[in-house]
Amino acid sequence: MPKSSGKIISCANLISFVHKPYFHEWVETVLGLPVQITNTQQKYILHLISHTASGMSDFLQPINYEMQACIVEFMEPSEVVLMKPVQMKMKTKSEDLVLVLTPWRAFLLYLEHPLRVQVTFSYLEISDIDMQDHNLVVIHTDTHLYQFRFLSSEDLEQVIFHVATSIKKVFPDSSPGKLIRITCPDHQEKYKAIEDYLEDITQNNQGPCGGFSQTYAALCDYNGFVLREEVQWDVDNIYHKQNIKEFNILDFSYLDTSDIALTVASLSFNQWFTKIQCKDFKLRLEISEQILYVINRSLKLEELVLENCGLKWEFAIKMAKALDNNPSSVLHTINLSGNHLEDRGITAFTHHFKKNQKPVKHLNFSKTSITSKGVNNLFQSLVSHETFGNSICHLDLSGNPGILATEDCISFYSFLDHCKSLCHLNLAGTDCALDSLFGPLLHGSCSRLSYLNVSRNVYTHKRIKDIPPEVSHFFTKTSALKHLNLSGTKLPSEMLREILHGLAINDKISNLHMDLSDCELRSSGAQVIQDMIFDINSLSSLDISNNGFDSDMVTLILSIGRSKSIKHVSLGKNFNVKSGTAVADIIHRIVQLIQDEDCTIESLSLADSRLKSEINILLNALGKKNNLRKIDISGNAMGDTGAKLLSKSLQLNTQLRMITWDKNNTTANGFLILAHALERNYTLRSMPLPLSDISQAYRMNQSKTEDALHLIQSHLLRNNQMKGNVPKKVNGFHKKKSFTLPLKLKMQQARGMKEETPGHEEQIIR
1 MPKSSGKIIS CANLISFVHK PYFHEWVETV LGLPVQITNT QQKYILHLIS
51 HTASGMSDFL QPINYEMQAC IVEFMEPSEV VLMKPVQMKM KTKSEDLVLV
101 LTPWRAFLLY LEHPLRVQVT FSYLEISDID MQDHNLVVIH TDTHLYQFRF
151 LSSEDLEQVI FHVATSIKKV FPDSSPGKLI RITCPDHQEK YKAIEDYLED
201 ITQNNQGPCG GFSQTYAALC DYNGFVLREE VQWDVDNIYH KQNIKEFNIL
251 DFSYLDTSDI ALTVASLSFN QWFTKIQCKD FKLRLEISEQ ILYVINRSLK
301 LEELVLENCG LKWEFAIKMA KALDNNPSSV LHTINLSGNH LEDRGITAFT
351 HHFKKNQKPV KHLNFSKTSI TSKGVNNLFQ SLVSHETFGN SICHLDLSGN
401 PGILATEDCI SFYSFLDHCK SLCHLNLAGT DCALDSLFGP LLHGSCSRLS
451 YLNVSRNVYT HKRIKDIPPE VSHFFTKTSA LKHLNLSGTK LPSEMLREIL
501 HGLAINDKIS NLHMDLSDCE LRSSGAQVIQ DMIFDINSLS SLDISNNGFD
551 SDMVTLILSI GRSKSIKHVS LGKNFNVKSG TAVADIIHRI VQLIQDEDCT
601 IESLSLADSR LKSEINILLN ALGKKNNLRK IDISGNAMGD TGAKLLSKSL
651 QLNTQLRMIT WDKNNTTANG FLILAHALER NYTLRSMPLP LSDISQAYRM
701 NQSKTEDALH LIQSHLLRNN QMKGNVPKKV NGFHKKKSFT LPLKLKMQQA
751 RGMKEETPGH EEQIIR
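Quick note on numbering: full-length UniProt numbering labels position 327 of the sequence shown as 327, and the sequence is numbered without any gaps.
Hints may be right or wrong, so weigh each one.
Stated by the list, open to error - Here are the simulated lysine-lysine pairs, DSS-like style, with alpha carbons at most 30 Å apart:
1) Lys-567 with Lys-490
2) Lys-354 with Lys-275
3) Lys-318 with Lys-178
4) Lys-624 with Lys-648
5) Lys-321 with Lys-279
6) Lys-178 with Lys-321
7) Lys-279 with Lys-354
8) Lys-361 with Lys-321
9) Lys-477 with Lys-490
Keep in mind that the hints were calculated from the coordinates and are not lab data.
Use the sequences and the hints to build the structure in full.
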């Protein structure tokens, strides 16, 4: 008869005693009570013991506290979430182990000293979980099969709950039903509760930025990478708190290539970020492959902007294939400008657009080394489906010379003719013929187009240079145009007249910026502007720099002054006249212009005009009453003499808010003079760094240049902080009150600011 002396009796031996004649006597001895057991009760006890024998090892038992403490210490620095005793079935035997669960990985430890790992696997390796019995589970990974028996069904459910939760955090769109199979009916109710909880996590509790940091940690564990906590901090604090949904790869460019690739891979199933951006940073193959994987998998990525990233046509082919493989993709913005895609890359997108007619809003293939053949193929696919004609609002093909110079571009003009959604069109430097462009635009997106850049193109490829009526009609009917860039197009004066005539009739648009710089308009163009400018009420900004107006500038300035809508005008590089008197006369006309109370001009640019001492007339005038709030006098070689005159005027001027004055041969002395003048100016708020002059002055006198820049920085910062609290004038000067410090202290304060906020100087000056 078995004794109750504390010796562990196996379940198998106990079962044999149930059938012995002295079974009743043994039970009485164990319980210490007389017991009457019927045959039915004896069979039930046999069933319980048999069930227990099938449910655990002979020696499987809970982990004591001492062993738990040892395991926690052994697993450091990993966080132990759960530890459960299990029996793992091997090929020829079963082995008792401890299953230790960390946030993203499972470990199986031998229950002996010293502790050691028998096997480990990441939850991301799991492909299937089969719950076969109330305490039996089979887990399939990419390479192995693990069969575990637990002490109880509760232990099993806790483990499954943690593993499923961890996987759901990484793959929010995943369904537990595809991962977990329930063979045992006992788990059905608990499994439903797990499903509901996981759905709640996806909807309400993913963590900052859709759980990016958790996904990143899981991938680091899976790939054996060191987790970079600064990556998690940036995302959790900067991106999340500012609600930034644009993942900028440049923010992590300080990392190694492999680490950058892993951060990108973390976006594959992320439901927060909708845009990936990178500019002027070479993307290594390892990184670009992960971007392709994101495109292949993501259900949330809407915008992809990879400008000048060293990508080749192979990337475009793979990207088109990735889009084909992801029918649920919502990508609508593709910007691959500055990458050598060539016709082979564009052709890949052509095939994709033929097969997939999902709306595309933004296409930017500027500077991609494509030819007219590639462009023709692309727009053949776009024009064949009405979807694209009603969805594309931004199109940029600029910087691809010759693509619109041949008859191969018929499909492009056909697309413009049918497209009704275009808002932004950039064809700069494509050899586009303007006489062929405005007809399709008139029939297409005339009512929606707000930005049109056709700079550095030609008027026509034909021998006969007739002006088509569609030119004037387009500018008469356009109702959304805000930006028109015709720079460098060598416009015939007749073409210019038709454009201005259409704008003069048009009463639907306003605040139009027109760039006519470098068009070689000369006297005939100046005459057209003089004749038409007064009647155009929609024009708010006009750039007519470098047009060879020269001797026509006086009358041209007078005509511009009569405009009731122009607020900004650029006149630079139009002062190439031999007589100094003539230049002075032009400057005097400009002074009259800005001092005229009826004049609407608030911003003036005379950049790169090489006026030298002649600009002193204008500098003196800035100290008197005028309308200017912004002025650009860079590139005029005015020297320190000009800096002195500018300094005097700034002490009196209360209108200017921004001044640009680089490339003027200003020395450290000139900068210091201006810095002292700003001590009495409380209204100037912005001064872009004159980098060219600063670099020269710094080489000649480092200390004085630094002192001057620190003072300028300090005064501009003061002005921006004051805003409307400008002190009153006393005898023509601002009363200082408590705004100024002794010069020495001010310079020390400025240096302190520089030390406390490195790299902040440019931000303040701007």
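Okay, the hints, checked on the actual structure:
no.	hint	verdict
1	Lys-567 with Lys-490	holds, 25 Å
2	Lys-354 with Lys-275	holds, 24 Å
3	Lys-318 with Lys-178	holds, 29 Å
4	Lys-624 with Lys-648	holds, 11 Å
5	Lys-321 with Lys-279	holds, 23 Å
6	Lys-178 with Lys-321	holds, 26 Å
7	Lys-279 with Lys-354	holds, 29 Å
8	Lys-361 with Lys-321	holds, 20 Å
9	Lys-477 with Lys-490	holds, 24 Å
Of the numbered hints stated above, none is contradicted by the structure.
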